[in-house]
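So the sequence lines, in the order shown, correspond to chains E, W and Z. Taking our numbering, the leading residue of the first sequence gets 6, the next gets one more, and so forth. Taking our numbering, the leading residue of the second sequence gets 7, the next gets one more, and so forth. Taking our numbering, the leading residue of the third sequence gets 4, the next gets one more, and so forth.
Treat each hint with caution, since some may be false.
[To be verified] Some, not all, of what chain E presents toward chain Z, calculated at C-beta under 7 Å:
1. G32
2. A36
3. H66
4. A68
5. D72
6. G168
7. L171
8. S174
9. R253
[What the hints assert, rightly or not] The calculated EDC-like cross-link candidates involving lysine to aspartate or glutamate, where the alpha carbons are at most 20 Å apart (straight line), are:
10. W/K68 x E/E164
11. Z/K46 x W/E23
12. Z/K46 x Z/D81
13. E/K182 x E/D205
14. E/K154 x Z/E98
15. Z/K110 x Z/E98
Just so you know, the hints here were simulated from the structure itself, not pulled from any lab data. Here a beta-carbon is modelled for each residue, glycine too, at the ideal position from N, C-alpha and C.
Listed below, chain by chain, are the residues.
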Amino acid sequence: MARTTRREFMLGEGSGTGSGPQNVHVGVGPAHPAMHGIIRIEAELDGEVIVDAEVEIGYLHRAFEKDCEQGGWNNAIPFTDRLNYVSPLINNFGYASAVEKLLGVDVTERCKYIRVIMSEISRICDHLTCVGASAMELGAFTVFLYMIKAREFLWELVEDVTGARLTISYGRVGGVKADLPDGFAEKTLKALKQTREVLDEVHRLLTGNRIFMDRMVGVGALSREETIGYAITGPLLRAVGVPYDVRRAQPYYVYDRLEFEIPTQKDGDNYARYLVRMAEMEQSMRIVEQALATIPSGPINVDFEGRAIDPAAYVDQGKQGKTEGLLLVPITLSPNLEGQQRAAHRRVNVADKRVVLPPKETAYGSIEGLMNHFMLIMEGYGIQPPAGEAYVAVEGANGELGFYVVSDGSDRPYRVRCRPPCLPPVAALHRMITGEMVADLIPTFGSVNMIGGELDR
Amino acid sequence: MAILAELQRRFGDAVVETHDHRGDPTAVVARDALLAVLAHCRDDVALAFDVLMDLTAVDYLKFPGREDGPRFEVVYHLYSLTHNHRLRLKVRMDEDDPNVPSAVALWPIANWLEREVWDMFGVRFEGHPDLRRLLMYEEFVGHPLRKDYPISRRQPLIGPAS
Amino acid sequence: MATACSHYDIDRFGAGLPRFSPRQADVLFVVGTISHKMAPVLKRVYDQMTEPKWVVAFGVCTCTGGFYDNYATVMGIDTIIPVDIYIPGCPPRPESVIDGLMKLQDKIAAQAQRY
Chain E
6 MARTTRREFM LGEGSGTGSG PQNVHVGVGP AHPAMHGIIR IEAELDGEVI
56 VDAEVEIGYL HRAFEKDCEQ GGWNNAIPFT DRLNYVSPLI NNFGYASAVE
106 KLLGVDVTER CKYIRVIMSE ISRICDHLTC VGASAMELGA FTVFLYMIKA
156 REFLWELVED VTGARLTISY GRVGGVKADL PDGFAEKTLK ALKQTREVLD
206 EVHRLLTGNR IFMDRMVGVG ALSREETIGY AITGPLLRAV GVPYDVRRAQ
256 PYYVYDRLEF EIPTQKDGDN YARYLVRMAE MEQSMRIVEQ ALATIPSGPI
306 NVDFEGRAID PAAYVDQGKQ GKTEGLLLVP ITLSPNLEGQ QRAAHRRVNV
356 ADKRVVLPPK ETAYGSIEGL MNHFMLIMEG YGIQPPAGEA YVAVEGANGE
406 LGFYVVSDGS DRPYRVRCRP PCLPPVAALH RMITGEMVAD LIPTFGSVNM
456 IGGELDR
Chain W
7 MAILAELQRR FGDAVVETHD HRGDPTAVVA RDALLAVLAH CRDDVALAFD
57 VLMDLTAVDY LKFPGREDGP RFEVVYHLYS LTHNHRLRLK VRMDEDDPNV
107 PSAVALWPIA NWLEREVWDM FGVRFEGHPD LRRLLMYEEF VGHPLRKDYP
157 ISRRQPLIGP AS
Chain Z
4 MATACSHYDI DRFGAGLPRF SPRQADVLFV VGTISHKMAP VLKRVYDQMT
54 EPKWVVAFGV CTCTGGFYDN YATVMGIDTI IPVDIYIPGC PPRPESVIDG
104 LMKLQDKIAA QAQRY
């Protein structure tokens with residue numbers, strides 16, 4: 006009897022090709038630290054090589070589409086926050102745009118600029134999280150810490166504008182919740198400068214890093230035909246060389262007036278996706294800076310140095326004891342009950358009584374305003390888009406985020422469908438990891454940037 | 007719209023209805039001609055719809071004015087990378103015959119999208135290699151996005167059944 | 004994630020070490036909505052932990068189900084596993100997380116030895 010080598014004994018016949026009873030089934034199960042969100046990948050391994058994989062999703066299914074049908078049109082906004090919860094502003098605005106298309110209203114100029122600025126900030130946050138988390142899984146923990154630090158700078162901005170860091174419910178049908186705070190432009194430019202420094206550090210740490218490149222180059226690649234066949238959009242499509250970006254192809258808001266590039270790569274592997282995301286962050290920052298420079302209409306109140314100061318901030322400063330120079334300011338208290346000037350409300354919300362709540366002084370001050378408010382809030386009334394359907398696509402951080410809304414003419418959505426941009430890459434994941442080694446599963450999955458809330462809805 | 011005119015010219019009666027509400031070209035297609043229309047949309051050079059953006063369904067059970075009509079409508083959103091145009095195709099079916107030919111052979115993404123429609127609505131896709139639930143667990147009974155499935159009905163696998 | 008990083012930093016509370024296996028962990032942070040599909044997995048992970056173990060329900064969806072009163076969501080993980088600390092919020096701010104962690108530390112310190 007010929008002696009078998011240890012390898013042949015362990016693996017059975019041959020040198021490890023083909024499948025058979027000696028293959029190991031590994032479940033990279035739902036509760037796994039490297040699985041952002043929860044997903045189950047059942048891989049069949051032949052040694053270290055994945056010969057077959059099956060992906061199972063649905064562990065975070067929270068009935069988004071059914072929940073949206075239960076309340077009014079604006080009630081769905083908090084549910085949309087929790088779709089792609091790393092870039093919630095894009096979801097809010099995408100949904101609001103879909104309903105606005107059904108209604109046939111077009112938002113104000115300033116609102117468009119605000120939506121662009123907030124969307125881009127959200128996009129940068131999403132890419133920071135994605136690159137940071139996938140770098141952490143490869144062992145580059147420092148990069149993760151740096152990127153989360155940069156994300157904190159941006160989240161402070163988001164908190165200033167919307168009041169919350171993550172689940173912001175900022176968009177509304179017909180506008181946004183409130184105008185940008187005063188001093189936002191300076192704070193944003195400072196935060197972007199700090200973010201650029203972080204990105205520069207990360208570039209120096211990762212982009213030419215031998216270990217990083219060895220693990221990411223040539224791994225998890227998908228051919229161009231397969232990428233298109235799987236309807237993959239976003240950074241993964243741009244990493245195979247197709248410069249498709251909804252902001253350029255079907256411009257919405259004010260993207261047609263802003264200059265930005267669509268970074269593409271050719272190889273379609275994890276490294277290409279990483280490069281695309283890093284370049285996109287720079288482009289998003291460019292967009293924010295241009296938008297801040299050209300946003301229409303300026304501040305309302307100014308203090309003795311000519312800087313804008315709104316009455317609420319004035320009062321806050323007084324409470325904190327920072328009263329230097331304050332008494333010199335001939336401050337005019339806000340005449341309305343929302344703490345902001347009336348012009349601000351009209352600047353960011355469409356002047357359409359069927360859609361947007363009236364400003365508070367009108368609601369409390371006149372009978373028409375009160376009735377308008379009543380008709381928009383009470384059950385059975387509210388925003389009532391005419392019966393029909395509309396599909397609006399915005400560029401989410403992962404690709405084309407589409408909202409398909411069907412209205413039956415009542416105050417509740419009849420059907421709200423979210424086309425999740427991360428579903429196609431996860432559907433193609435088994436193609437990406439088959440033939441790779443099991444350790445390559447982690448960076449490939451990280452570069453797909455699956456967000457559980459959006460995938461499972 | 008040029009796309010709709012082209013489809014009507016080519017497929018005649020199979021294109022049951024078209025509209026252009028809010029600028030979205032939409033065509034309702036008869037079920038028997040569905041695969042032919044989809045294949046034509048993908049392969050024809052002038053249309054070149056190489057991306058199946060979305061595949062979903064709508065349940066018209068409680069829609070005012072359409073309660074007696076065909077209950078389910080499967081909606082395909084197509085996009086062309088070369089020509090940068092979109093199309094929405096719809097196909098209607100009754101409650102007692104919710105079957106549609108599968109588009110898996112044309113676009114691989116249809117595999118998961120159709121599984122989701124099966125899971126949520128109960129529409130069967132003929133020719134689908136592996137039609138099972140995508141989002142809900144296997145033991146779940148019913149199809150949750152149907153209008154007659156109450157939102158709070160629970161079928162827990164473990165824990166109190168409330 | 005943000006709580007673990009430089010701005011807020013839970014490492015200074017001794018909680019900086021996420022273990023990748025339930026068998027080596029002391030505290031189970033259940034983060035995010037638990038659906039009925041995930042519930043058996045959660046129970047299994049909890050069962051795999053060795054005593055002594057504590058559970059922190061992080062986020063309002065794990066505390067009570069949040070606003071997801073629908074067919075897919077478990078309305079509070081305390082219907083499945085025993086919970087020691089509830090941290091509400093959607094999502095909880097890092098300060099709440101640190102507060103919850105400190106309360107857990109106090110609770111553990113106050114627990115009598117059981118052997």
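Evaluated hints:
Of the supplied interface hints, the one on E/G32 is violated, with its beta-carbon coming no nearer than about 11 Å to a beta-carbon of chain Z, more than 7 Å. The interface hint given for E/A36 is met, as the beta carbon of that residue sits about 5 Å from the closest beta carbon of chain Z, less than 7 Å. Residue-level restraint check for E/H66 holds (minimum Cβ-Cβ distance to chain Z is 5 Å; threshold 7 Å). A distance limit of 7 Å between C-beta atoms decides the matter here; for E/A68 the minimum to chain Z is near 4 Å, and the interface restraint holds.
Of the supplied interface hints, the one on E/D72 holds, with its beta-carbon coming within about 6 Å of a beta-carbon of chain Z, less than 7 Å. Using the Cβ-Cβ criterion of 7 Å, the hint placing E/G168 at the interface with chain Z is not satisfied: the shortest such distance is roughly 12 Å. Given hint, E/L171 at the interface with chain Z, holds; its Cβ is 5 Å from that chain's nearest Cβ, closer than 7 Å. Taking 7 Å as the C-beta cut-off, the interface hint given for E/S174 is violated, the closest approach to chain Z being about 10 Å.
With a least beta-carbon distance of about 32 Å to chain Z, the hint placing E/R253 at the interface is violated under the 7 Å criterion. In summary, the hint linking W/K68 to E/E164 is not supported, as the alpha carbons are separated by about 40 Å, beyond the 20 Å threshold. Simply put, Z/K46 and W/E23 have alpha-carbon atoms about 52 Å apart, too far for the 20 Å limit, and the pair is violated. Note on Z/K46 and Z/D81: the hinted pairing holds, with a Cα-Cα distance of about 11 Å set against a maximum of 20 Å.
Distance check on the hinted pair: E/K182 and E/D205 sit about 34 Å apart at the alpha-carbon level, beyond 20 Å; violated. Of the pairs offered as hints, the one joining E/K154 and Z/E98 holds, with about 16 Å between alpha carbons and a cut-off of 20 Å not exceeded. Among the hinted pairs, Z/K110 with Z/E98 is consistent with the structure: their alpha-carbon atoms are about 18 Å apart, no more than 20 Å.
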